[in-house]
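Enquirer: Single-letter residue listing:
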Amino acid sequence: MSRRPPRGEYIETDTGNKVARKATLVGTQNIMLGGKTVIQPEVMIRGDLVRSIQSSSSSSSSGTPNNTAVAIGRYCFLSRASCLRPPGRFYKGAFTYMPLRMGDHVFVGPSSVIQAASIGSHVHIGARVVVGEFAIIKDYVRVLDETVIPPNMVIPSFSIVAGQPARVIGEVPEGGHEAFELRDLYKTVGNNPQPPAS
Amino acid sequence: MSSKRHSILPAVSAGPKPPVHFSSSITIAESALLTGTNLITISSESVIHPRAKLDSLAGRITIGRRCVVHERTMIGAIGTSGKVTEQAVTLGDYATVEVAASIEAGNTIIGEGTTVGVGSKVGAGAVIGKHCTLTPHTEVPAGEVIPDFTVIYSNGMRRIDKRGVADLKNKGQARQIDVLRRMIPTNPAKFA
Amino acid sequence: MAPLNPYTYIQCPCSDSASLGRPSDATSPTSADGDEEDNAFDPRAPRANFSLYPLEYLLYCEDCHQIRCPRCITEEIATYFCPSCLFEVPSSNLKSEGNRCTRSCFQCPICIGPLSVTSIEAPPSDPSLLVPDRAGTPHTTYSLICSYCSWSSTEIGIQFDKPNSIHAQLAKIRNGGASRLTAKERKERRKELSHRGGEAALAASSEAAAGQDMDLETQFANLKLFYNSQLADPNAGDNGFSSLGDLGFSSPSSLSRIMNLYTGGKLHDPRAKSKLGAMREAITADEGLLETDLDESSLITQLHQSDFLDTASSTQICSQPPNLGETYIYGAARFNSSLRPVPYLLRTKRSKRCPVCRHIISKPEAKVQTTRFRIRLVAGSYIPSITIRRLNLPGPNGPAAPAILGDLLEPLKPVHFVLTFKNPIFESLKVTLGAPAKTPGRFPSKVTVLCPQFDIDANTDVWDEALKENDRESSGRSRRRAGTESQFQVEVGKIWERGRNWVSIIVEVVPASLKLEPGRDVLKQDEDVLEIPMFVRIEWEAEGGGDDAASGTGRDKDQKEKKELAYWCVLGLGRIKQG
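Protein chains in written order, with UniProt numbering: chain A, 1 to 198; chain B, 1 to 192; chain C, 1 to 579.
Honestly, the hints are just simulated from the structure, not real lab data. Idealized CB from N, CA, C, for every residue including glycine. A portion of the hints provided could be inaccurate.
What the hints assert, rightly or not - To be clear about the criterion: a stretch of chain C counts as covered by chain A if any three or more of its residues have a C-beta under 8 Å from a C-beta of chain A, and this derived list gives those stretches:
no., region
1, 7 to 15
2, 84 to 93
3, 99 to 113
4, 375 to 387
Claimed, not checked - Partial selection, computed: residues in chain B whose CB lies under 8 Å from chain A:
no., residue
5, ARG72
6, ILE160
7, ARG175
8, VAL179
To be verified - Below, in silico cross-link-like pairs of lysine-lysine (DSS-like), each with a Cα-Cα straight-line distance of 30 Å or less:
no., chain 1, residue 1, chain 2, residue 2
9, C, LYS562, C, LYS430
10, A, LYS22, A, LYS187
11, C, LYS494, C, LYS430
12, C, LYS560, C, LYS524
13, C, LYS524, C, LYS422
14, C, LYS363, C, LYS563
15, B, LYS162, C, LYS563
16, B, LYS17, A, LYS22
17, C, LYS515, C, LYS494
18, B, LYS162, B, LYS190
19, A, LYS92, B, LYS162
20, B, LYS169, C, LYS162
21, A, LYS22, B, LYS190
22, C, LYS515, C, LYS562
23, C, LYS438, C, LYS422
24, C, LYS162, B, LYS162
25, C, LYS363, C, LYS438
26, B, LYS169, B, LYS130
27, C, LYS515, C, LYS577
28, A, LYS187, C, LYS422
29, C, LYS224, C, LYS95
30, C, LYS162, A, LYS92
31, A, LYS92, B, LYS171
32, C, LYS430, C, LYS560
33, B, LYS171, C, LYS162
34, C, LYS422, C, LYS363
35, C, LYS563, C, LYS422
36, C, LYS560, C, LYS446
37, C, LYS413, C, LYS524
38, C, LYS524, C, LYS438
39, C, LYS363, C, LYS162
40, A, LYS92, B, LYS169
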């Protein structure tokens with residue numbers, strides 16, 4: 001567009017998403033962004049890996065096939081070189097990918113690879129973390145750096161996890177809930193970022 | 001349209017275009033990166049995901065049948081030694097290289113049915129046996145020889161996989177490739 | 001050395017026995033200014049570790065007007081749930097079933113990753129066959145498989161007939177596949193035998209018990225039954241030890257006391273007390289006697305033959321559930337083959353009470369899946385948060401390089417830190433700071449708080465903030481915008497920067513030199529960390545009737561009431577460069 005004079009590092013959408021030009025989004029039509037989400041450079045999202053078999057129950061009830069591969073809520077922050085890809089498994093003998101769902105205020109650290117089935121809201125994932133296929137991370141979870149969450153693991157709310165394989169090493173204290181808020185972080189990136197609030 | 005497109009791929013660092021030998025049944029994403037000067041062979045029904053990087057500068061790269069090479073992998077990375085060997089990396093049949101794993105060049109061999117986990121590193125000259133599993137973030141030092149059916153987990157712990165599901169896994173791999181072939185638009189002509 | 005990010009820890013008053021529970025009022029000695037220098041808090045004192053917490057970990061009792069920490073609060077369990085299947089476990093089940101998930105949630109005994117139930121398919125007859133035909137298989141069995149380290153329960157010879165209620169199925173199978181009796185079945189079998197009566201049946205049963213490996217559960221059950229019968233039998237004992245009276249180990253009363261301890265019954269059984277005399281010990285396997293097998297040669301040969309990787313590590317053994325049907329090998333499994341899948345330990349949701357006034361200060365909603373709290377009085381919404389930033393002023397030789405967090409501090413060179421206090425309450429705060437001029441410890445660093453007294457404006461409504469966003473940008477941050485930091489002068493008694501509900505001040509520190517006498521002394525762990533103790537006193541005016549709003553005596557309560565809170569905190573600023 002000619003109205004935008006200099007080409008910023010980010011593309012800012014109407015819903016407030018800030019997507020880096022240097023991010024690799026494959027299959028964009030299957031990626032849902034809730035708004036106000038930041039996607040930093042070198043992030044990769046595999047929207048092309050869509051569900052190949054519709055589960056018989058849902059396809060019969062809803063006429064249109066749901067092709068969402070990756071659904072991201074509001075105020076998520078995908079750091080540099082992180083990668084989101086839908087998990088794949090065998091369902092009734094056939095291989096299929098399943099959608100990856102992410103809630104609001106999810107921080108994904110640099111170089112982390114996420115193949116979870118679902119990630120709740122207010123989740124902080126550190127740097128170089130691997131979230132295995134079909135892992136389920138509930139709300140208010142902190143995943144420390146370099147953690148490897150094995151496939152199919154369920155992490156309940158208010159857990160702090162670390163290790164290879166991941167184990168729950170602590171509980172998020174009552175006073176630590178606000179630290180998951182990413183509204184302020186959202187403002188600090190983009191084409192005209194604001195300085196971090198003191 | 002053009003302003004809406006997010007998947008603008010940054011310009012690929014134009015390295016030398018390597019000679020390739022592709023089977024007609026392979027699936028290779030257009031955004032895969034193939035560089036180097038030596039021959040890259042990809043055998044039948046193997047899948048190369050977008051953004052996988054194969055570098056044959058340090059020797060030939062051979063990928064067996066029904067292999068899956070995921071995105072952001074680096075196959076044929078020139079290791080610390082920087083040695084050039086005739087054969088850089090060999091992937092046996094049914095091998096899987098997961099996201100962001102890297103395999104250094106220098107007569108490195110990944111055995112049949114072996115899975116190299118997310119973010120793992122295989123050093124130059126390492127020989128990984130058949131049906132091994134390297135869990136995410138495993139590092140195999142250069143020159144290491146890993147026997148068949150080894151599982152490397154938890155930062156280098158080792159055990160032997162006694163499930164006896166090798167055939168089943170291969171069968172699963174074939175089914176997975178069937179699905180991937182429909183999803184990933186292939187463009188082998190680009191590399192020819 | 002790992003870089004150190006600045007931190008603020010706050011001391012909970014519970015470690016100070018004098019002030020526990022007492023609301024700090026103006027007359028209390030702890031807040032009297034004169035005393036502070038004398039008993040300055042030493043963050044390096046061995047006990048200090050137990051009372052220092054990051055702000056997030058602290059709660060606040062509104063009735064006592066005091067900080068409460070995880071160590072002093074009392075907890076009450078609201079809900080038990082399995083962390084894997086997230087099903088709630090009623091507390092009544094807990095006593096009978098134990099504190100582990102009794103559904104199908106297990107952890108890998110090798111790597112503690114989660115196990116999933118997988119059907120064992122017959123090996124494919126034709127590998128090229130891509131179409132699955134599972135319908136034809138007559139009998140599918142299931143195994144637990146670890147998706148991380150590829151462990152399978154078939155390695156210890158355990159397979160399941162159905163994919164659900166694995167816990168119940170596992171309780172009946174020994175490693176290797178042999179079946180074992182559950183506690184209930186054992187009881188029933190015993191009942192059956194006693195019904196049949198007669199010496200022959202009893203002998204047969206003891207033979208049978210000895211024949212099969214007795215595990216800890218069986219042994220305990222047998223012993224318990226035996227001692228119970230001994231206690232019940234009035235004719236037992238009387239064999240000459242009565243002179244020892246109740247003190248003997250084998251006297252019924254002490255036994256019943258011990259058993260009550262373990263089984264959680266009433267502490268004193270009046271019936272047992274009246275009885276005197278000893279009773280006999282168990283002499284058969286049926287009564288719970290297990291002869292110790294001192295011959296370990298087979299074990300040793302097995303160790304000789306096996307690989308190091310086949311033996312279980314201590315962490316693996318520790319994570320094993322106690323006596324879950326393992327054969328009795330002195331409580332410890334030596335080989336991976338004797339490890340069993342670990343059922344998930346249950347987790348809890350807990351509400352927390354103030355230790356003094358017993359008011360609830362944190363209460364989660366009981367439902368497992370909700371993350372809301374009914375009550376959540378966290379210290380962060382009552383006392384100001386303190387963030388630390390290093391300030392680099394231009395030195396005499398040109399402008400300073402931008403400060404990097406975690407940079408080492410040069411000894412004997414003054415450094416400045418910006419402390420930002422953020423007010424969370426809706427009243428303006430008056431803050432008074434006190435810090436000893438020299439940090440305690442072997443290497444005293446000089447500390448000067450340039451502005452020890454200031455006011456912070458009230459935390460206005462969130463919506464106000466949103467509306468005033470632009471306004472704030474222009475007014476609140478004007479000072480920093482007007483001139484860059486390099487043009488700023490550090491002035492004594494002046495606030496560095498001020499915003500809507502926050503104030504930044506400067507602390508000047510001259511780090512000590514860590515010179516040690518060569519060869520005589522060594523630097524202790526973390527002795528190079530520059531930590532300064534700081535006493536914070538905050539005063540504010542609260543809405544009247546804060547103490548007894550319930551009484552509701554009328555308008556006069558609406559008067560503003562002066563409130564005060566004082567506490568020590570520790571500011572970790574960084575590491576001092578050595579040598």
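Enquirer: State for each hint whether it applies.
Expert: We went through each hint and held it up to the structure:
1. 7 to 15: violated (count 0)
2. 84 to 93: Coverage by chain A holds for the region 84 to 93 of chain C (3 residues, Cβ < 8 Å).
3. 99 to 113: holds (count 3)
4. 375 to 387: Coverage by chain A holds for the region 375 to 387 of chain C (5 residues, Cβ < 8 Å).
5. ARG72: At about 7 Å, which falls below the 8 Å cut-off, the nearest Cβ of chain A leaves the hint on B/ARG72 intact, so it holds.
6. ILE160: violated (18 Å)
7. ARG175: Constraint on B/ARG175 satisfied, holds at 5 Å.
8. VAL179: Given a least distance of 5 Å, the restraint on B/VAL179 holds.
9. C/LYS562 x C/LYS430: holds (11 Å)
10. A/LYS22 x A/LYS187: Holds, at roughly 19 Å.
11. C/LYS494 x C/LYS430: holds (15 Å)
12. C/LYS560 x C/LYS524: With a Cα-Cα distance of about 50 Å, the restraint between C/LYS560 and C/LYS524 is violated, given a limit of 30 Å.
13. C/LYS524 x C/LYS422: violated (35 Å)
14. C/LYS363 x C/LYS563: holds (26 Å)
15. B/LYS162 x C/LYS563: violated (68 Å)
16. B/LYS17 x A/LYS22: holds (23 Å)
17. C/LYS515 x C/LYS494: Violated, because 34 Å separates the two Cα atoms, which is more than 30 Å.
18. B/LYS162 x B/LYS190: violated (42 Å)
19. A/LYS92 x B/LYS162: holds (25 Å)
20. B/LYS169 x C/LYS162: holds (23 Å)
21. A/LYS22 x B/LYS190: holds (22 Å)
22. C/LYS515 x C/LYS562: Given that 30 Å is the threshold and the Cα spacing comes to 48 Å, the pair is violated.
23. C/LYS438 x C/LYS422: With a Cα-Cα distance of about 26 Å, the restraint between C/LYS438 and C/LYS422 holds, given a limit of 30 Å.
24. C/LYS162 x B/LYS162: The hint holds at about 22 Å.
25. C/LYS363 x C/LYS438: Cα-Cα ~42 Å, so violated.
26. B/LYS169 x B/LYS130: holds (12 Å)
27. C/LYS515 x C/LYS577: holds (10 Å)
28. A/LYS187 x C/LYS422: holds (19 Å)
29. C/LYS224 x C/LYS95: holds (18 Å)
30. C/LYS162 x A/LYS92: Cα-Cα ~18 Å, so holds.
31. A/LYS92 x B/LYS171: Holds, because 14 Å separates the two Cα atoms, which is no more than 30 Å.
32. C/LYS430 x C/LYS560: holds (15 Å)
33. B/LYS171 x C/LYS162: OK: B/LYS171 and C/LYS162 at ~25 Å, within 30 Å.
34. C/LYS422 x C/LYS363: holds (26 Å)
35. C/LYS563 x C/LYS422: The given pair, whose Cα atoms are some 18 Å apart, holds under the 30 Å limit.
36. C/LYS560 x C/LYS446: violated (40 Å)
37. C/LYS413 x C/LYS524: holds (22 Å)
38. C/LYS524 x C/LYS438: Status holds; Cα separation ~19 Å.
39. C/LYS363 x C/LYS162: With a Cα-Cα distance of about 40 Å, the restraint between C/LYS363 and C/LYS162 is violated, given a limit of 30 Å.
40. A/LYS92 x B/LYS169: Holds, because 16 Å separates the two Cα atoms, which is no more than 30 Å.
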